[in-house]
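Visitor: The residues making up each chain are set out below.
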Amino acid sequence: MSETSEPLVSAPVSPSRAKFLRFLIRDAGVLLALVLITLFFSASAPYFATPGNALKIFVQIAINTVLAAGMTFVILTGGIDLSVGSVLALCTVVGATVMIDESLSPAVAITLALLACMATGAACGFLNGWISTRWKIPSFIVTLGMLNMAAGAARVVSDNSTITGLPQSFVDFGNLIIGGFLPSIFLVAVLVIAAGWFVLRFTVFGRMIFAVGTNDEAVRLSGHNPDFYKVAAFTISGLTAGIAAMVYLLRLNIGSPIAGVGYELNAIAAVIIGGTSLSGGKGSIIGTLVGACILQVLSTGLQLLGVGDNFKPIVIGLVIVLAVILDAYRERLLRRIR
Amino acid sequence: MPMDDAILSLQGVGKIFPGVVALSDVSLSIARGETHIVLGENGAGKSTLIKLLAGIYQPDAGTIAFNGAPYQPKTPHDAQQSGIRIVHQELNLLPYLSIAENLMLENLPRRAFGIVDRKALNRRAMALLKEVGLEIDPRTRVETLGVAQMQLVEIAKALSYDSKLLVLDEPTATLTPPEIKRLFAIIKRLKAKGVTIIYISHRLHEVFEIGDRVTILRNGRLVATRDLHGLSVPDLVRMMIGRDIADEFSFDASIVPGKVALSVSNLKRNAATPAISFDVRHGEILGVAGLVGSGRTEAMRALFGADPKLDGVVEIDGRPVAITAPKDAVRHGLSLLTEDRKGQGLLLDLAVDKNITITDLGKVSRHGLVNRRAESAAATDLVGQLRVKASSIEQAVRNLSGGNQQKVVLAKWLFRGTSTLILDEPTRGVDIGARREIYQLLWMLAAAQKGIIMVSSDLPELMGMCHRIIVFSKDRIVGEVPRSAFDQERILSLAYQEYVRP
Ligand SMILES: Nc1ncnc2c1ncn2[C@@H]1O[C@H](COP(=O)(O)OP(=O)(O)OP(=O)(O)O)[C@@H](O)[C@H]1O
Ligand SMILES: [Mg+2]
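Here the protein sequences line up with chains A and B, keeping their order.
Take the first sequence: its letter number 311 is residue 311 in this note's numbering, and every next letter is one higher.
Take the second sequence: its letter number 102 is residue 102 in this note's numbering, and every next letter is one higher.
Read the hints as simulated data drawn from the structure, not as lab findings.
Keep in mind that this is a model prediction, so the values were computed, not measured.
Keep in mind that the hints are not guaranteed to be accurate.
[To be verified] Once the Cα atoms are required to be at most 30 angstroms apart in a straight line, the calculated BS3-like pairs of lysine-lysine come out as:
{"#": "1", "chain 1": "A", "residue 1": "Lys136", "chain 2": "B", "residue 2": "Lys193"}
{"#": "2", "chain 1": "B", "residue 1": "Lys51", "chain 2": "B", "residue 2": "Lys193"}
{"#": "3", "chain 1": "B", "residue 1": "Lys74", "chain 2": "B", "residue 2": "Lys119"}
{"#": "4", "chain 1": "B", "residue 1": "Lys51", "chain 2": "B", "residue 2": "Lys74"}
{"#": "5", "chain 1": "B", "residue 1": "Lys51", "chain 2": "A", "residue 2": "Lys136"}
{"#": "6", "chain 1": "B", "residue 1": "Lys74", "chain 2": "B", "residue 2": "Lys327"}
{"#": "7", "chain 1": "B", "residue 1": "Lys74", "chain 2": "B", "residue 2": "Lys268"}
{"#": "8", "chain 1": "B", "residue 1": "Lys164", "chain 2": "A", "residue 2": "Lys136"}
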């Protein structure tokens, strides 16, 4: 517009270099931690570095990964969803009830069950989001309420008993290991993560999720409705709880009203370890996947090392706290680099 | 000035951020008891210099001595212990606490068992507020205040402690003449008591009243330190930007306002406020003047749907429209640039480009997917037009200098390109060169038949820019002055009107 001002003084860290450093600190850090932990257990724990154990880990992280994917959306907007564990329980009994309906062919029953799970989960999530935005109640409280309500509903639906007798083809698919190394349920988890990654990274919707978590008032004054995105994030979290319920059915073959107890905490831990900030606006879903892996590798590795069930939670708890401390440092480093 | 007389001296100080050398080889000595002005373009390094003194950043090179001893503050607390008080450019109050609590946070009056003595707290707060001329209940929560009021609270907070060195980083950016007058009186009083003051401003006319010497920074380097006496505004500008710039305002008389673009009638915010009416035409720049707290910002926010309103009709191009939330306003072609850029305008942790496109992502996306290339191109274009100084458009806005952040807020609404723009303090903290570019841009918008409402605490700016000025006083519109009758005294006396009347 006018005469050019003096050029910027050349500086020690160029923008592209800063971008690379940013990547290293934000994403590669967690990945590096995963690699180090894996190497540690491979060297020290018997049977850890065997194909069989790797398969087992893949199978075991599937449920948590799916839950954590949806949780990432909620935490990115600055909320929290404590209800996913019991919503999962509700969905397992709903799904199992539909699936064992004798009058339906297996294919139809399975499809309907999947839809029922997703619809139930999404409905619970929508309620969470709608109530907390409509009456401006912290999501912590609302989802705590939902945790209890969904658990109760699961008991009502199942008449307080486990539901068995799922179609054989369904059970078979759950046990399937594609190509001898890829368990079908892990594939489901990876697909959910991939979908979440795509949405957060490339879509307008994903951009808005980050923006709302960063400063929802600025978003509102820019002519948007931040509540819409918050409700959507909770709905997604409910939806993934429904999908996770299907994964649960595939893996354990029973619908149970007492399934999923404490799952919400594992999901939150995976998200936080993966580098998503509890205050919203910052994080990545790939980090969440890595976070879920770290949790499971630790748990399995400690078990193989013979660390008793009493000590295991202590170690895992310490790791979670450590992750949050590291996150604070990471923030400070990132601020210097941007 | 002899060195032994110096209270603060910097030797070869440098500070580097990734992509930017914020300060390089700055040597400066501040004499005890002087009022030292620091000037420079946006991003010149003024605030960085202050943050080194505050213990927020540590220098990468050079040394600082304070009171004859080496000075290496690691935290803001260290700085306070040494007797240095700083009012930062960005406001740092705790929104959910009361004014009184914010003022006395570090030194709450206590009774037995550590219980806060509310009475003493509010009494002392009241006295402090009175000193800066903010007549408001100290129990009010800070989040309900306007930016200028927050600024006054920050100043009062700094005054509540005895300090040897008081630093004010753009304290007057949002203030109107009476508060500025009062602030200057305070500065003179402190000076008489022997307090040393460092003062940063982009309002070049005001610094002559209080300053002894001036230091000018450009691109992180020290250009000169001079006696202010005998210098003129053009001298300062030349040193700041290395060239002369023409007359600050170039009112373009060829732009003739057309039909009414936006009209507001009987807008009532709540039962206690009077109803107000005004309108702006296509191709017109309407100025909105008034003192701090006179209800200008609140009226604009209510009109835009940012705050609830009780009553009132908003018409756009003669058609009444229902606005209950900002999204309605934006859909009907309104923009509101808010005065509080940090709290309401910016996504501080997101990049420059993402901040700009947030107002209209549809423009740079297809089928719900963001087209990063189009986004970068659009952002780069605006960043160039407004000369935003950033290491790249992917830099987080948090790390831009204050004036450059302000330009990003403006850019985001220019990106949306609505037919009517409400700009609340659009040039807050923007340097004189960039300000001129913004003025020209506003003229271009007016020439393109956009309606522009410009709220500003800078009266000369309004008088230079506007076709018409409406004046607020105590939530009421007390007068409308056409360009032919512009007169600073007249506008000011209108602004005072409702306050002096019993
Ligand atoms: N934390 C940071 N990280 C990276 N760059 C930074 C950081 N803080 C400041 N900068 C850069 O340093 C330069 C100097 O910024 P500074 O805030 O000191 O400018 P200023 O003179 O106060 O400008 P203004 O008049 O706009 O307030 C700017 O280019 C800014 O982008
Ligand atoms: Mg500054």
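Visitor: Now tell me if each hint is right for this structure.
Guide: Against the structure, the hints:
no.	hint	verdict
1	A/Lys136 - B/Lys193	violated (51 angstroms)
2	B/Lys51 - B/Lys193	holds (25 angstroms)
3	B/Lys74 - B/Lys119	violated (35 angstroms)
4	B/Lys51 - B/Lys74	holds (11 angstroms)
5	B/Lys51 - A/Lys136	violated (37 angstroms)
6	B/Lys74 - B/Lys327	violated (45 angstroms)
7	B/Lys74 - B/Lys268	violated (50 angstroms)
8	B/Lys164 - A/Lys136	violated (46 angstroms)
The structure shown violates the earlier hints numbered 1, 3, 5, 6, 7 and 8.
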